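Trainee: As a plain string of letters, each chain reads:
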Amino acid sequence: MMKNGVAIDALTVVRGGNTVLDDVTLEIPAGQVTGLLGPSGCGKSTLMRTVVGVQRITSGTVTVFGEAAGSAALRSRIGYVTQAPSVYDDLTVAENLEFFASVLGVPKARVDSCLALVDLTSYADRVVARLSGGQRSRVSLAVALLGEPQLIVLDEPTVGLDPVLRQDLWQTFHRLADDGAAVFVSSHVMDEANRCDRLVLMREGRVIADDTPSALLASTGADDIESAFLDLVGGAA
Amino acid sequence: MNARITFAVARRVLIQLRRDRRTLAMLIVLPCVIMTLLWWMFTDRPGPGFSALAPALLALIPFIVMFLVTSVTTLRERTSGTLERLLAMPMGKGDFLLGYAIAFGVVAAIQSALAVAVSTWFLDLNVAGPVWVLMVVAVADAVLGSALGLFVSAFAQTEFQAVQFMPALVIPQILLCGLFVHRDELPGFLHGVSDVLPLSYAVDAMNAVTGSTDPAVLGDLSVIVGFALAALVLGALTLRRRTA
Numbered sequence: 001m002m003k004n005g006v007a008i009d010a011l012t013v014v015r016g017g018n019t020v021l022d023d024v025t026l027e028i029p030a031g032q033v034t035g036l037l038g039p040s041g042c043g044k045s046t047l048m049r050t051v052v053g054v055q056r057i058t059s060g061t062v063t064v065f066g067e068a069a070g071s072a073a074l075r076s077r078i079g080y081v082t083q084a085p086s087v088y089d090d091l092t093v094a095e096n097l098e099f100f101a102s103v104l105g106v107p108k109a110r111v112d113s114c115l116a117l118v119d120l121t122s123y124a125d126r127v128v129a130r131l132s133g134g135q136r137s138r139v140s141l142a143v144a145l146l147g148e149p150q151l152i153v154l155d156e157p158t159v160g161l162d163p164v165l166r167q168d169l170w171q172t173f174h175r176l177a178d179d180g181a182a183v184f185v186s187s188h189v190m191d192e193a194n195r196c197d198r199l200v201l202m203r204e205g206r207v208i209a210d211d212t213p214s215a216l217l218a219s220t221g222a223d224d225i226e227s228a229f230l231d232l233v234g235g236a237a
Numbered sequence: 001m002n003a004r005i006t007f008a009v010a011r012r013v014l015i016q017l018r019r020d021r022r023t024l025a026m027l028i029v030l031p032c033v034i035m036t037l038l039w040w041m042f043t044d045r046p047g048p049g050f051s052a053l054a055p056a057l058l059a060l061i062p063f064i065v066m067f068l069v070t071s072v073t074t075l076r077e078r079t080s081g082t083l084e085r086l087l088a089m090p091m092g093k094g095d096f097l098l099g100y101a102i103a104f105g106v107v108a109a110i111q112s113a114l115a116v117a118v119s120t121w122f123l124d125l126n127v128a129g130p131v132w133v134l135m136v137v138a139v140a141d142a143v144l145g146s147a148l149g150l151f152v153s154a155f156a157q158t159e160f161q162a163v164q165f166m167p168a169l170v171i172p173q174i175l176l177c178g179l180f181v182h183r184d185e186l187p188g189f190l191h192g193v194s195d196v197l198p199l200s201y202a203v204d205a206m207n208a209v210t211g212s213t214d215p216a217v218l219g220d221l222s223v224i225v226g227f228a229l230a231a232l233v234l235g236a237l238t239l240r241r242r243t244a
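Chains A and B, in that order, give the protein sequences.
Residue numbering for the first sequence follows the UniProt record's numbering, beginning at 1 and increasing consecutively.
Residue numbering for the second sequence follows the UniProt record's numbering, beginning at 1 and increasing consecutively.
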């Protein structure tokens, strides 16, 4: 039983007759950045949704900080960023954050610090609809960080961001992990894999590898994660 | 339920509306224009044409407008992922629903106040009963419209589908509410149907206020509020924290 992380045990999700997740067993420890990699459509988002507790599951268990995922006590302790930025287009950046801050019951000062964290301070009064795609996803990320969550679930947070900002965000993720949070990030860009403390590779609803990036490279003898992934897929086939 | 969260939702909905200038202008100006049009139609005709129809229209407008606005707005919350995000936060479903009801209730109060003011001051509508009761009924109608709109938004995947629920759920109520044929004069079966439609009670209440100095609207009003609450409860059932 993981008191300060996530434990997933024999998790299966069947949606419309398709097995989206197939007997997934996995741990996401606190204090680390765990990366979830795999081709698009392999079940990454569904797995993340089960951790947040918004996905109906068929069998198996998901335990977060010792409690069943989705239980009321967890709601203020999890920050969740979906692929599409879930913020209000017709509100300004600051209005969005202030609204979610009052829902979470966190002081208004958190709004400013979260804006700074995603580098949007100068856009605070801009209506979200008039921001670029990357800026919009950063607003969504800032909302997720408002409550100083102990588990941060990020579904492809760096899509469409420029390299400098991507670097900054990965530094932020590691800072949050260093402060003790469990950070769970998905990506379908394999070159982001090296930035994770641990890697979970998925394919067609199954976990095909779960290790540190260097151990993965060592065990497959590949030069980079992309080739390691291809090796593993070849081995599994 | 938590008052801080409920009012945060209401405040946010109002800020969103304020930013949408065109919608706001339509919400405020349109009812007045429609009342004026109705009055104009009857100016050259003898008899109480305008005064007979105006109360029903004052009941219909907030109901229809809020039905449309709410069904589209909540559908947007469902499809944009903000609803899922809110339900993953410490937000009660009641907070969400009540927040919307409060925000649209406020808008409906302003909307109806203007429509009633225009009708009574400029368009010689005689309100025998107290004008504030007229307002209360209008707000109840608006909340009812919101509650129904919220409920049907669960059954629509797109905004196109959402607006189609208007003719499906609202037009039969308009036909049977007593506006075209007095409810007593409807064929027996349709009279029975009109007895279980909430808009019938809204129109009855409006007619009572305009027609009597001491209107007994409490019965009608409780039916409207009852329907609104039932729709809100059904709406709450459609807000799912876990989805497939």
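No lab work stands behind these hints: they were computed from the structure.
Among the hints, erroneous ones may be present.
[As the list claims (entries may be wrong)] Quick partial rundown of chain A residues pointing at chain B, CB under 10 Å, derived from the structure: (1) 23; (2) 25; (3) 27; (4) 30; (5) 55; (6) 65; (7) 84; (8) 91; (9) 147; (10) 150.
[Unchecked claim] Ranges of calculated distance between the beta carbons of each label pair, as one might list FRET restraints: (11) B:222 with A:109: 42 to 52 Å; (12) B:166 with A:121: 54 to 64 Å; (13) A:204 with B:109: 39 to 49 Å; (14) A:164 with B:117: 17 to 27 Å.
[Stated by the list, open to error] A short list of chain B residues far from chain A (calculated; beta carbon distances all over 12 Å): (15) 8; (16) 9; (17) 16; (18) 64; (19) 79; (20) 92; (21) 132; (22) 195; (23) 244.
Note that this is a predicted model, so its numbers are computed, not measured.
Quick reminder that beta carbons are idealized off the backbone N, C-alpha and C, glycines included.
Trainee: Each hint should be assessed against the structure and marked as holding or not.
Mentor: Structure-based check of each hint:
no.: 1; hint: 23; verdict: violated, 19 Å
no.: 2; hint: 25; verdict: violated, 21 Å
no.: 3; hint: 27; verdict: violated, 21 Å
no.: 4; hint: 30; verdict: violated, 19 Å
no.: 5; hint: 55; verdict: holds, 6 Å
no.: 6; hint: 65; verdict: violated, 15 Å
no.: 7; hint: 84; verdict: holds, 6 Å
no.: 8; hint: 91; verdict: holds, 6 Å
no.: 9; hint: 147; verdict: holds, 8 Å
no.: 10; hint: 150; verdict: violated, 14 Å
no.: 11; hint: B:222 with A:109: 42 to 52 Å; verdict: holds, 46 Å
no.: 12; hint: B:166 with A:121: 54 to 64 Å; verdict: violated, 43 Å
no.: 13; hint: A:204 with B:109: 39 to 49 Å; verdict: violated, 55 Å
no.: 14; hint: A:164 with B:117: 17 to 27 Å; verdict: violated, 57 Å
no.: 15; hint: 8; verdict: violated, 4 Å
no.: 16; hint: 9; verdict: violated, 8 Å
no.: 17; hint: 16; verdict: violated, 5 Å
no.: 18; hint: 64; verdict: holds, 23 Å
no.: 19; hint: 79; verdict: violated, 9 Å
no.: 20; hint: 92; verdict: violated, 9 Å
no.: 21; hint: 132; verdict: holds, 32 Å
no.: 22; hint: 195; verdict: holds, 40 Å
no.: 23; hint: 244; verdict: violated, 5 Å
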